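Quick note, the sequences are listed as chains A and B, same order. Residue 441 is where the first sequence starts when you use our numbering, and the numbers rise one by one after that. Residue 1107 is where the second sequence starts when you use our numbering, and the numbers rise one by one after that.
You can trust all of the hints, since none of them are fake.
Label-pair restraints from in silico Cβ distances:
hint : chain 1 : residue 1 : chain 2 : residue 2 : range
1    : B       : K1145     : A       : D682      : 24 to 32 Å
2    : B       : P1157     : A       : D682      : 35 to 43 Å
3    : B       : R1156     : A       : M668      : 26 to 34 Å
4    : A       : G564      : B       : Q1339     : 25 to 33 Å
Computed from the model, here is a short list of chain A residues facing chain B with C-beta under 8 Å:
hint : residue
5    : D445
6    : H489
7    : P616
Hints listed in this document are in silico derivations from the structure and should not be mistaken for laboratory results. Keep in mind it's a predicted model, so treat the numbers as computed, not measured. Glycine included, each C-beta is placed from N, C-alpha and C at the ideal position.
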Amino acid sequence: MKHLDELESKSIFIIREAYACIKPLGMLWSIGKDSTVLLWLVRKAFFGHVPIPLIHIDTSFKIPEMIAYRDRLAQEWGFELIVGQNKRALSEKQTFPHGNLNRVKCCQTLKTESLKETLAGDDGRPAFGGVILGIRADEEGSRSKERYFSPRNEKNKWDIYNQPPEFWNQFKTEFPPHSHVRIHPLLDWSEINVWEYIAQEKIPTVSLYYDQGDGQRYRSLGCHPCTMQIKSKSKTPEDIVDELREGPLARVAERAGRAQDMDDGGGLEALRQKGYM
Amino acid sequence: MSSVQAINLVVAGHVDHGKSTIIGRLLAETQSLPIDKIKRIQETCDQSGRPFEYSFIIDAFKDEQKKGITIDTARVFFKTIKRPYIIIDAPGHTEFLKNMISGASRAHGGLIVLDAQQGIKENTRRHGYMLSFLGIKQVAVLVNKMDLVEYSQVKFENIIEEFSSFLFKHGITPKLFLPLSGLNGDNFTLKSKNMSWHNGPTLVECLDSFEILIKSSQSPFRMPVQDIYDFGQKIVAGPIETGKIDERDTVVFYPSFKKSKLKAVYQGGAAGLVLQEPLFIERGELATIEKEEAPQIKSNLDVVLFWLSERPMKINTNYIFKMGTAKRNVKLVEVKSLMDSSELKELSKSDEIRINQVAKGSIQLESPLPIDSRGFASCTSRFVIVDDYNIVGGGLVIESKI
Ligand SMILES: Nc1nc2c(ncn2[C@@H]2O[C@H](COP(=O)(O)OP(=O)(O)O)[C@@H](O)[C@H]2O)c(=O)[nH]1
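So here's chain A without its partners, still in its complex pose (with noise of 0.2 Å):
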């Protein structure tokens, strides 16, 4: 078999692990490359069909461009689409692009805070038992200890030091109750895997991850005054395919556009800890 076949393959067993095991169910999307992935293995998963909700946790500081795209997917693909955001924190503008807080500080109110009050369920709608997500183990470094399937507990805590074993396709599908499992089923594709797998499928992805002629791109999509383009002339899925392999960007951390991972040195897995995706 293939490597992708194999990473597909494999992808998909634990999506449907996911859907026949834990309910209610979600699944994050942050219109970047590596959800959008995810989303299409959904529906190569149940044959078209996209059966669970997508969650949006808008900051309200996305690029536009992003939010033109997830409309447009959602209408196209026709699936339920939950956007999460935290109104308060806007309206109060406890946020670091109004100068309030640092960066860290504000991905954890606009985005770890909505995401756990999205979690937790409102009038209509019940708490959700579990969520799949599109991390990667070759991110960074908390993510390469994840499991498939990890618990969180009623405070979202992610205990590290005690994680569930996971062997012979056999994951942690029993849960009491107020707890709920994150579902990782990229951990083992690495960066290149997704464009490979996106130049292969003809997966529509947003543009800004394309030189549109200034020779200027996006590796790592998140908030606007927080990520920056890298130089790069790529056009296609097929060029970022080998300027990873071979060019410019073989020995560059993919997240090195992201400013909050360096703060304070471990700023992402400080976060990761308390709730973050």
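Please build the complex by placing chain B with the ligand on the supplied structure of chain A, with the hints as guidance.
Coordinates of chain B with the ligand only, in the frame set by chain A:
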């Protein structure tokens, strides 16, 4: 355009014998690291006044660096000219056997690191044994810290003698033993001048010689049913674990013995079957092909199992048994023999199995399941035990002696 398949390697060994150093140096020497990563580690070291260590490269957690031990299974990516690798780093502390198993169960091959000066330690043996238990056949033993024993050939050969007889007893014939220094980089990408007596490969050449054992499509078809989808037509969904199928085949489901011809087959990553008969099939059944070897349908199983929980497994107590996608209540009936996985010596008979022990015994399922005791498919031969929401043990079904 698709890339060559990556090899998954599990790295095991006693704590402090140099796993992190070896992995860190491999990443650096194969140029698999982002440039800013080394720079940032260097800066952190300068700030805290510590010398740079290659092991910091993979110690990602802040407080892990404080404790100075690798606490969990981590995946690390690197590539040689030949192909990409995913290294699964298994921690060396005794209480972390479950992480080791999680890592090793998805590996194509294993590396056991040991310290040339310290020699064979508790976890060196335990990990060697678990690799064999988990069915990993390709193993290389990395004899590290050769610089501390003056690169002595005699020392190296003594270790080979002692450890290979141990591994051999447990059914592992190591691919090779390799003398290294993680600290100085001897035998990583270049042959070491300090050990001209050694004429084996370098570490990179050794890794490149590992093979991916191809899943046999010769084995009988086995598909554990994950779910039944009904988006217009009913599709029985599940992964094709072994074998192959086409539309002319007749499928038989076990343990229900229900049978049907096929209307359509979805192959590939999102596999599924559309049946001609309107059967009621549920998650947990096993799809097989009528004309092929049938599994045995059994509820009384002879097994080898290992226990991971502080709370011992007791006989005549209810647990949950999961194999493939099936789930059953189960009781331990009898413990026939018991072994401690670290000391690897036989223990006297007992009515319970404690943490880190491996037992041979028999278990009773509340109702029967399809079993292939030849062990070609994990969905019909490998199981886990769940207690109080957690996976607390695992094992293999073995041939019963009548
Ligand atoms: N002299 C010497 N020291 C080494 C060598 N490899 C590792 N070490 C040291 O041994 C200690 C433990 O190494 P580490 O890689 O953290 O071990 P791990 O616990 O197996 O991951 C560290 O202080 C290393 O610097 C080696 O080849 N020679």
